[in-house]
Amino acid sequence: MAGYVAEVLALVARIPSGRVLAYIDIAEYLYAASERGSPAVVASIMVSHGADVPNWHRVVSGGGRLRPGRETEARGRLVAEGVPFRGSRVLMADARWLRRGMDGADE
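Everything in the sequence shown is counted per numbering that gives the first Met the number 0, starting at 0 for the first residue and increasing by one.
Please note that the accuracy of each hint is not assured.
[What the hints assert, rightly or not] Label-pair distances were calculated between CB atoms; the ranges are:
| # | residue 1 | residue 2 | range |
| --- | --- | --- | --- |
| 1 | Ser47 | Glu70 | 31 to 37 Å |
| 2 | Ala5 | Ala39 | 30 to 36 Å |
| 3 | Arg35 | Glu72 | 19 to 25 Å |
| 4 | Glu80 | Pro38 | 21 to 27 Å |
| 5 | Ala5 | Pro38 | 17 to 23 Å |
| 6 | Gly75 | Ala31 | 29 to 35 Å |
| 7 | Glu70 | Ser43 | 28 to 34 Å |
| 8 | Leu90 | Glu34 | 27 to 33 Å |
| 9 | Gly2 | Asp93 | 30 to 36 Å |
Because the hints were derived from the structure by calculation, they are not lab data. Fair warning: this is a prediction, and the values are worked out from it, not measured in the lab. Positions of the beta carbon are idealized from the N, C-alpha and C atoms, including for glycine.
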């Protein structure tokens with residue numbers, strides 16, 4: 000499991016400013032490479048280890064909800080990066096980091 004934790008955190012560290020990924024995005028991307036993980040596992044990793052990655056605030060739920068307990072801090076950081084919101088949720092259609100970006104290509 001330690002290897003999977005490292006993979007999750009490495010991907011989170013690559014999310015560019017102004018973009019977000021959902022737990023499911025991370026799980027699906029890593030599953031394609033290793034056939035391991037789920038959104039719940041990714042969420043658990045972020046709760047336990049997310050503070051180890053400066054970009055923790057760029058990981059949200061599939062519906063654009065922010066991490067419970069750190070919503071105010073996450074929202075402040077995301078707004079400063081230009082991430083669009085509707086109410087309390089990130090506008091995922093506008094802010095999601097596209098898969099081609101995760102593979103190292105430009106968006």
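Which hint numbers does the structure go against, in order from smallest to largest?
-> 1, 2, 3 and 7
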